[in-house]
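Protein chains in written order, with my numbering: chain A, 1 to 124; chain B, 1001 to 1393.
These are calculated hints, taken from the structure and not from any lab test. The reader is advised that the hints may include incorrect statements.
[Said to hold, decoys possible] Restricting the straight-line Cα-Cα distance to at most 20 Å, the calculated cross-link-like pairs of lysine to any residue (SDA-like) are:
#  : chain 1 : residue 1 : chain 2 : residue 2
1  : A       : Lys112    : A       : Gly23
2  : B       : Lys1212   : B       : Gln1029
3  : A       : Lys25     : B       : Gln1029
4  : A       : Lys112    : B       : Pro1393
5  : B       : Lys1106   : B       : Leu1283
6  : A       : Lys112    : A       : Asp5
7  : B       : Lys1212   : B       : Ser1074
8  : A       : Lys112    : B       : Val1391
9  : A       : Lys112    : A       : Ala79
10 : A       : Lys25     : B       : Val1391
11 : A       : Lys25     : A       : His117
12 : A       : Lys112    : A       : Ala21
13 : A       : Lys112    : B       : Lys1212
14 : A       : Lys112    : A       : Ala29
15 : A       : Lys25     : B       : Asp1387
16 : A       : Lys112    : B       : Phe1338
17 : A       : Lys25     : A       : Leu100
On a predicted model such as this, the values are computed, not experimentally measured, just so you know.
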Amino acid sequence: MKPGDPVADLLRTPEHAGAPAEGAKTGLAGSVRRGCAVQLSATRQGTRLRDVRYHAFGGPEFIAACEYVARAAEGAELAAASDARAVQWLEALDLQRDALAALLVLEDAWHKLVAAHDAAAEET
Amino acid sequence: MLGLPEIEPIYMDFAATTPVAPEVAAEMQAALADFGNPSSDHAWGAAAAAHVARAAARLGDALGVAPGTLVWTSGATESDNLAIIGAARYRANRGRHIVTCRTEHKAVIDACHQLEREGFEVTWLTPDPDGRVSPEALAEALTDETVLVSLMWVNNELGVVNDIAALAAVMAAHPALFHVDAAQAFGKLPIRPADHAIDLMSVTAHKCYGPKGIGALYVAERHGVQFEPLLFGGGQQGGRRPGTLPVHQIAGFGAAAALVAQRVETDARHLAELGSRLTGRLLAVPGVLLNGSASERIGGIVNVSVEGVPGAALVAAMQPVALATGSACSSRDAEPSFVLRALGRDDVLASASLRFSLGRSTTADEVDAVAGRFEAAVSRLRGIAGDLARVAP
Chain A
1 MKPGDPVADL LRTPEHAGAP AEGAKTGLAG SVRRGCAVQL SATRQGTRLR DVRYHAFGGP
61 EFIAACEYVA RAAEGAELAA ASDARAVQWL EALDLQRDAL AALLVLEDAW HKLVAAHDAA
121 AEET
Chain B
1001 MLGLPEIEPI YMDFAATTPV APEVAAEMQA ALADFGNPSS DHAWGAAAAA HVARAAARLG
1061 DALGVAPGTL VWTSGATESD NLAIIGAARY RANRGRHIVT CRTEHKAVID ACHQLEREGF
1121 EVTWLTPDPD GRVSPEALAE ALTDETVLVS LMWVNNELGV VNDIAALAAV MAAHPALFHV
1181 DAAQAFGKLP IRPADHAIDL MSVTAHKCYG PKGIGALYVA ERHGVQFEPL LFGGGQQGGR
1241 RPGTLPVHQI AGFGAAAALV AQRVETDARH LAELGSRLTG RLLAVPGVLL NGSASERIGG
1301 IVNVSVEGVP GAALVAAMQP VALATGSACS SRDAEPSFVL RALGRDDVLA SASLRFSLGR
1361 STTADEVDAV AGRFEAAVSR LRGIAGDLAR VAP
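Work the whole structure out from these sequences, hints included.
Shown next as structure tokens:
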């Protein structure tokens, strides 16, 4: 990884890595035994996501992708969040296609997080 | 990386390859000036041939064998192929059974797979949990059909040392040839193939401060120790490995071997001391496991698995420390180490492994800096992983 490489830049300071904030909803996917797992978490403030955090187990590209998704999600409109797709992250981070399997795990966790917030919104 | 402090690059991948020693480079430079073909019958050829003869004498001296028992090759991979495929084909009319171990270098494993394609049967021994082949397991595997056994002296991934004397004692009572891959042993241990019933032994220059692209196969001067060549044309080296000899490479190997002869005991003590220092620091981190025997190992290679940490991310977090995950020769493979799997490690631990390999120039300060980086990287990655091992096993 070289300077200017989006993965290297994201890994330099993975500022969103950490435990869920109080009251956060979570989305969990993957398996440590299979080498790739992530738990995304976020609170909601009005219609926007806040306190986006993640715990990640996987290769450097996967951790970088988690950081990328978390940064993009911070303050984003929940209504637009369901459009996020692994292939977009693959292109944004300039990753090889063999990274797609891990990114699909991240996409799965992302949609579970969004669904958890949607369900909570319906209840209220 | 991962918010960890910047550190200076440190090379800790000497098992993958070593730098060329200055004395070696100087010898190669001198040999390049003598450009003649060593097979030519004139003064230029004689000057080149003198470099080859001196190198053979030096390598022979370092191994305790006669120079005429050495066949120059392009490296340990070719030496292994020549010994295994060449000897098996030569002896195919006596039997078609080979014995080797699952944790051998790929050069041995893939040569054996080639023989399987040619109709040979291969018995793949499983090492004990320490990574060593037991003489009893070897003895059990031998049959009347066995024509060749190939086992390594020092495992390239683990640094574990096989009890070659005991294994050779088993082989002494059997007519099969005994080939030893000593690529990682030469320069790190005093090795004397003639002291054991070793028929064929592979060595290479670039693991002992010589140049890449040159190796040798020791062929014992005993009745029946023969092999079919893999190359044809030219008749050099008695037709056993034809091709114009790369004089400057051979001269470099000879110079590296001379250094080995002078320094092997000193180097072994240096590596044992620093290897012990590094091992102590690494194993003090909770959840760090030493791979392979704790006692029967060379000092310069330390291989650990780390619980709760993804291997590829750990390698990235260790940058700019140069080291290997799994075998250096296949570091780019995403698959968990086949060597660690053979020892019984699960896929997660086999993937989360690092091989630190030290060399002559490694210092105590470098060991401490690398250990500090390791402690910080493991802590950071465990923080990033949180409790996923529990909630998403």
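Evaluated hints:
1. Proximity of A/Lys112 to A/Gly23 is assessed by CA-CA distance (about 16 Å); at most 20 Å being required, the pair is judged to hold.
2. Taking the CA atoms of B/Lys1212 and B/Gln1029, the gap is about 15 Å. The hint holds against a cut of 20 Å.
3. The hinted pair formed by A/Lys25 and B/Gln1029 fails the criterion: a straight-line CA distance of about 68 Å is larger than 20 Å.
4. At roughly 18 Å between alpha-carbon atoms, A/Lys112 and B/Pro1393 fall within 20 Å of each other, so this suggested pair holds.
5. The suggested pairing of B/Lys1106 with B/Leu1283 is violated, with an alpha-carbon distance near 29 Å, which exceeds 20 Å.
6. The hinted pair formed by A/Lys112 and A/Asp5 fails the criterion: a straight-line CA distance of about 29 Å is larger than 20 Å.
7. Straight-line distance between C-alpha atoms of B/Lys1212 and B/Ser1074 comes to about 8 Å, which keeps the hinted pair within the 20 Å bound.
8. Taken as a hint, the A/Lys112 and B/Val1391 pair is honoured in the structure, with Cα atoms around 15 Å apart against an allowance of 20 Å.
9. Straight-line distance between C-alpha atoms of A/Lys112 and A/Ala79 comes to about 14 Å, which keeps the hinted pair within the 20 Å bound.
10. With a CA separation close to 15 Å, the supplied pair A/Lys25 and B/Val1391 stays within the 20 Å bound.
11. The suggested pairing of A/Lys25 with A/His117 holds, with an alpha-carbon distance near 7 Å, which does not exceed 20 Å.
12. For the hint pairing A/Lys112 with A/Ala21, the CA-to-CA distance comes to about 17 Å; that is within 20 Å, so the pair holds.
13. About 53 Å separates the Cα atoms of A/Lys112 and B/Lys1212, which puts this hinted pair outside 20 Å; it is violated.
14. With a C-alpha separation of about 8 Å, the suggested pairing of A/Lys112 with A/Ala29 holds against the 20 Å cut-off.
15. Of the pairs offered as hints, the one joining A/Lys25 and B/Asp1387 holds, with about 16 Å between alpha carbons and a cut-off of 20 Å not exceeded.
16. Note on A/Lys112 and B/Phe1338: the hinted pairing is violated, with a Cα-Cα distance of about 36 Å set against a maximum of 20 Å.
17. Of the supplied pair hints, the one linking A/Lys25 and A/Leu100 is violated, its CA atoms being roughly 25 Å apart against a limit of 20 Å.
In this structure, the hints that do not hold are numbers 3, 5, 6, 13, 16 and 17, in rising order.
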